[in-house]
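Novice: Here the protein sequences come in this chain order: Y and W. Under this note's numbering, residue 419 is the last one in the first sequence; the count climbs by one each step, no gaps. Under this note's numbering, residue 306 is the last one in the second sequence; the count climbs by one each step, no gaps.
What the hints contain is simulated information worked out from the structure, not anything from laboratory work. If you're wondering where the values come from, they're calculated on a predicted model, not measured in any experiment. Misleading hints may appear alongside valid ones.
[Unchecked claim] When the alpha-carbon atoms are kept at most 35 Å apart in a straight line, the in silico DSBU-like pairs for lysine-lysine are as follows: (1) Y:79 - W:83; (2) Y:237 - Y:354; (3) Y:237 - W:152; (4) W:158 - Y:251; (5) W:67 - Y:79; (6) W:46 - Y:419; (7) Y:409 - W:83; (8) Y:179 - W:83; (9) W:152 - Y:256; (10) Y:418 - W:46; (11) Y:182 - W:152; (12) W:158 - Y:231; (13) Y:251 - W:152; (14) W:83 - Y:401; (15) Y:178 - W:67; (16) Y:409 - W:67; (17) Y:262 - W:152; (18) Y:79 - W:301; (19) W:152 - Y:243; (20) W:158 - Y:179; (21) Y:69 - W:46; (22) W:83 - Y:178; (23) Y:419 - W:83; (24) W:158 - Y:182; (25) Y:243 - W:158; (26) Y:134 - W:158; (27) Y:237 - W:158; (28) W:67 - Y:238.
The chain contents come next:
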Amino acid sequence: MKEVLCFFRNKSVVIILIGLMLFFTLPTAFGDTTIEFMHYQFLEAGKKDIIDELISMFEAQNPGIKVKKTPVPLADIQKVLSTRIAGNNAPDISVLGGIQSKAIALGWLEPLNNYIDFAPLKNLLCSAWDEESKGADGKYYAFVQESMAHQMFYNKRLFAEAGVKVPTTIDEFFDAAKKLTKNNEQYGYYLVTNPAETARMFFDITKWVYAYDGRWSRNNALTLNEANVIKAVEMYKKLYDAKVVPWGTDKGTSRKLFWAGKIAMAFEGPYFYEWIRANNPDLLKDIGTAPVPFPSHLCGGEIVYLGIPKNAPHKEAAMAFIKFFLRKDIQRWYVEQTSVEGALTGMAGPEFLKANPWYAPFDGARSKTSTVEGFSEYSTEISQIVTNQLGAVLSINKPAKAAMDQAQKEAEEMISRKK
Amino acid sequence: MHNNSVLMTDVNRFRWGQVERKVFPYIIAAPAIICLSLVVISPLIKGISLSFFSVKFAENAPFIGLKNYIRLFRSADFWHSLKITIIYSAVSVTGTFCLGLLLASLVNMQFRGRTIVRVILTLPWAVSDIAAAIIWGWMFDYQFGVLNYLLKILHVIKEPVQWLLNPHVALWSALMASIWKSFPLSMLILLAGLQAIPKEQYEAAIVDGAGRLQRFWYITLPGLRPTASILLLLSIVWSFRSFALIWALTQGGPMRATETIAIGVYKNAFNYYDMSYASALGVIGLILSLIISFFYFRLEKAEKLK
């Protein structure tokens, strides 16, 4: 007892203890709420600063709410988020990292309609909201942070050297790719050809499926072996056999080859322009953009979704952030900072478009992900089945029709087993 | 009276001493047992129980008995994974053991620079699985890989080999990387075993006119038997669990050519979010490891009885 009293007689200890109490209780005592925001973009050079500024603007306009940033690498988002939700330790807002359909199907997310009236925004919401945002009840569960349609980037210098015009059809594209390819030194295009990169390979083949106006599913039935899908697989094989694409190189390396001026064409999102600037600014003067040379004018796209977990501790405050982000002035600012379409369409102003002519093909372009409509909760398994068969087509010359028939059969069996 | 109380105290002290001696080892071992229970036994029991439910991801789910196991045994994917696991394990263990034995025999000889050679040969083991996969991934690269380059300039191949893209070749590529990664440990364990064999046996054999091969067959191999058998058991169990190197190289592809049971467990749990099915697959993997261990210990017992 004496020792304890001696301990507390020491004034510095008392001051430290009082300080700690205040530090941990004052924010709560005065009603400050801290929301935890989990995202991989806090680790991306360039994007991090923009998100930081967005958060600062939100905090300035919403005194009493602070945002705590939790950076998690993209590759780990799914595991970290699902583990935290299961462990009842969910962040207040999180990027969904590709599991939005599963998250909605498993009931992990809070419906946005309970807090936001979407009726006035009906004609402004970008096409991405129709992709994977909604649940079976028709409510929105996933917020579209970014919607990035892929269009064609090309190297004007390589085109001029080869005497090639910008292709506007698939046949012109193939001919251009062949003329731009030089024996292991230079390639016309790049594709993912290694099935180990399942998600990226599935995304790449989906671009070609859309090119031929094919779909992985129609009217709630799988159509992995429909004629247009087979045409897409045959085209993928044609590009592979012609060696206009590097074989087996992972996507990261292929992009580096493009930045080094060794690959002439790429189908990428608008973020690619900033990546070129970051990796090889000298290349920018040689870069041109054009719509994808597909009759459907539809290429694949990427959509970044945010969600508020059902068991998030501060849902109201988190929804305040979402509402702030959905404001037209904020959307315009975001588009002009990131060069990427946000939740609302057509937000890029005329001055921005004039200053960034490369952005023209992306403005208002429709973004469609590789998710299999109506079967989104099985997308991972279906992508594995499709890429397995696509790998067989590429490496052991399995006929495209036989491969996709097999994929259709395996996918149907997998779904009936899991139901 | 005084003598009785002293005697009783002595007796009590003696009994307490006996109890202390019996209980003390358990007290010392208790922290480790508690940690092991929390970190190993508890998750193991949880994992096994999960296999009897229909859990997608940690939600409360119905008990379904053996349905996951029935689905598993009816699934062509499982039998394929089992086949790949057996092939992978057999070739990996054999290759690691043979290469380890060969190199252990070499570095057991006296020559200049032996220590440096031993250190260099241990380096693959010091490299992490992921780093090894990145190195081998680049070596196997179709376009830019050093393997295809060397084989081409030596006129062994005309066209580059699709080491990781061709489903007929990918498993052997993964095995190459795996053997390279694992042989140092085998080499070190077998080297220790070789050094434990009395030199007098070799000297006597030389006097009796035994050749090199005979000495190896009749002295070295029997002398290594205890070491080799435990090494083989551990190698088999480790190869059954092998995950990181294969995942980093091929992710179980192409066309599931390298999808072992361990890869299947990971995919089902974290790609398809089918936790129960993944648990059932994991339990089968565990049972297979236990069966192998059981046969090993039976053989050992039989040998000892002989």
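Novice: Hint by hint, note whether the structure agrees.
Specialist: Hints versus structure:
1. Y:79 - W:83: Holds, at roughly 29 Å.
2. Y:237 - Y:354: It is violated: about 39 Å lies between the C-alpha atoms, which goes past 35 Å.
3. Y:237 - W:152: Holds, at about 25 Å.
4. W:158 - Y:251: Holds: residue 158 of chain W and residue 251 of chain Y sit about 27 Å apart, inside 35 Å.
5. W:67 - Y:79: holds, 26 Å
6. W:46 - Y:419: Judged against 35 Å, a Cα distance of about 25 Å means the pair holds.
7. Y:409 - W:83: holds, 23 Å
8. Y:179 - W:83: It is violated: about 45 Å lies between the C-alpha atoms, which goes past 35 Å.
9. W:152 - Y:256: holds, 26 Å
10. Y:418 - W:46: holds, 22 Å
11. Y:182 - W:152: holds, 20 Å
12. W:158 - Y:231: holds, 31 Å
13. Y:251 - W:152: holds, 26 Å
14. W:83 - Y:401: Distance ~28 Å between residue 83 of chain W and residue 401 of chain Y Cα, so the pair holds.
15. Y:178 - W:67: This hinted pair is violated, its Cα atoms lying about 53 Å apart.
16. Y:409 - W:67: holds, 23 Å
17. Y:262 - W:152: The hint holds at about 23 Å.
18. Y:79 - W:301: violated, 45 Å
19. W:152 - Y:243: Within the cut-off at roughly 19 Å; holds.
20. W:158 - Y:179: Answer holds: residue 158 of chain W to residue 179 of chain Y is near 25 Å, not above 35 Å.
21. Y:69 - W:46: Holds. Residue 69 of chain Y to residue 46 of chain W sits at ~33 Å (cutoff 35 Å).
22. W:83 - Y:178: Answer violated: residue 83 of chain W to residue 178 of chain Y is near 42 Å, above 35 Å.
23. Y:419 - W:83: holds, 27 Å
24. W:158 - Y:182: holds, 19 Å
25. Y:243 - W:158: Holds, at about 16 Å.
26. Y:134 - W:158: Roughly 54 Å separates the two Cα atoms, so the pair is violated.
27. Y:237 - W:158: holds, 22 Å
28. W:67 - Y:238: Measuring from Cα to Cα gives roughly 44 Å; hence the hint is violated.
In terms of the numbered hints stated before, the structure departs from hints 2, 8, 15, 18, 22, 26, 28, listed from lowest to highest.
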